[in-house]
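Student: One-letter residues, chain by chain:
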Amino acid sequence: AQSVAQPEDQVNVAEGNPLTVKCTYSVSGNPYLFWYVQYPNRGLQFLLKYITGDNLVKGSYGFEAEFNKSQTSFHLKKPSALVSDSALYFCAVRAAFSGAGSYQLTFGKGTKLSVIP
Amino acid sequence: DGGITQSPKYLFRKEGQNVTLSCEQNLNHDAMYWYRQDPGQGLRLIYYSQIVNDFQKGDIAEGYSVSREKKESFPLTVTSAQKNPTAFYLCASSTSRPTGENTIYFGEGSWLTVV
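Here the protein sequences come in this chain order: A and B. For the first sequence, the positions run 57 to 173 when the numbering used here is used. For the second sequence, the positions run -8 to 106 when the numbering used here is used.
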């Protein structure tokens, strides 16, 4: 079974400061890892994903994430937070090469990011 | 524009009624999904379909039904057997490469409330 943990229900950061949203995962074999953002009353928007290769993945809106295999982590980061980054962030995992019937992602419970002006 | 369209955005259900949520995509994706979102619980998979005329139960399929008669459409029916249907429902789609690196894309969601 695969699982995702987002240990912080809420993260508060001042505008202009760097932000980190934490994610750890458990999966058999190699992982495919994803980050999504959700604004109030909206669907999830894809930010970035790690498939293979460089451990630092760059995505939309200036976000990046670092894959750490030894720590089974995939933390989301941004060098300088904006008030407009305030939203709910979801990490998700799928086992690589898991074959037909395994397209679905397992999501964490989400972390609410609040960027304070 | 390419995307996933869910309707209606808001739906109210009386006790004992079945209601159907619509989901249409024009991304030419083979796979489609329905998730349920409750506050503080993340997303839970209800049903998914990898191809027309085929679908599989997810983690919380009881009280729900789906059909996949067309590639573009994957409607979800919330039946009267679903005892706690009030939630935000998200439809999604993706390509279906067996290697698994497919990105899942989401619609804007539908709110269902029992009255």
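Don't read these hints as lab results, they were simulated from the structure. Hints are not guaranteed to be accurate.
[Unchecked claim] Distance windows between CB atoms, simulated:
no.: 1; chain 1: B; residue 1: L18; chain 2: A; residue 2: Y95; range: 39 to 49 Å
no.: 2; chain 1: A; residue 1: P96; chain 2: B; residue 2: S13; range: 16 to 26 Å
no.: 3; chain 1: B; residue 1: E53; chain 2: A; residue 2: S136; range: 40 to 50 Å
no.: 4; chain 1: A; residue 1: P135; chain 2: B; residue 2: N17; range: 11 to 21 Å
no.: 5; chain 1: A; residue 1: P173; chain 2: B; residue 2: T68; range: 40 to 50 Å
no.: 6; chain 1: B; residue 1: D29; chain 2: A; residue 2: S170; range: 17 to 27 Å
no.: 7; chain 1: B; residue 1: T70; chain 2: A; residue 2: I172; range: 41 to 51 Å
no.: 8; chain 1: B; residue 1: N19; chain 2: A; residue 2: S116; range: 21 to 31 Å
no.: 9; chain 1: B; residue 1: F3; chain 2: A; residue 2: N86; range: 39 to 49 Å
No experiment lies behind these values; they were computed from the predicted model shown. Just so it is clear, CB atoms sit at the ideal spot from N, CA and C, and this is done for glycine as well.
Student: Looking only at beta-carbon atoms, does the pair F3(B), N86(A) fall within the given range of 39 to 49 Å?
Tutor: Distance hint for F3(B), N86(A) holds at roughly 45 Å.
Student: A range of 40 to 50 Å was offered for this pair. Does it hold for the Cβ distance of P173(A) and T68(B)?
Tutor: Holds: the Cβ-Cβ distance is about 45 Å, inside 40 to 50 Å.
Student: I want to verify a distance hint. Is the separation of the beta carbons of P135(A) and N17(B) within 11 to 21 Å?
Tutor: 36 Å, violated
Student: Please test the hint of 21 to 31 Å on the beta carbon pair from N19(B) and S116(A).
Tutor: 22 Å, holds
Student: Honestly, do E53(B) and S136(A) meet the 40 to 50 Å range at C-beta?
Tutor: 46 Å, holds
Student: Per the hint of 17 to 27 Å, is the separation of the Cβ atoms of D29(B) and S170(A) within bounds?
Tutor: 21 Å, holds
Student: Indicate whether the distance between the beta carbons of P96(A) and S13(B) respects the range 16 to 26 Å.
Tutor: The hint (16 to 26 Å, Cβ to Cβ) holds, given that P96(A) and S13(B) are roughly 22 Å apart.
Student: Between L18(B) and Y95(A), does the C-beta distance stay in 39 to 49 Å?
Tutor: 21 Å, violated
Student: Hint says 41 to 51 Å; check whether the CB-CB distance for T70(B) and I172(A) agrees.
Tutor: 44 Å, holds
Of the numbered hints listed earlier, those contradicted by the structure are 1 and 4.
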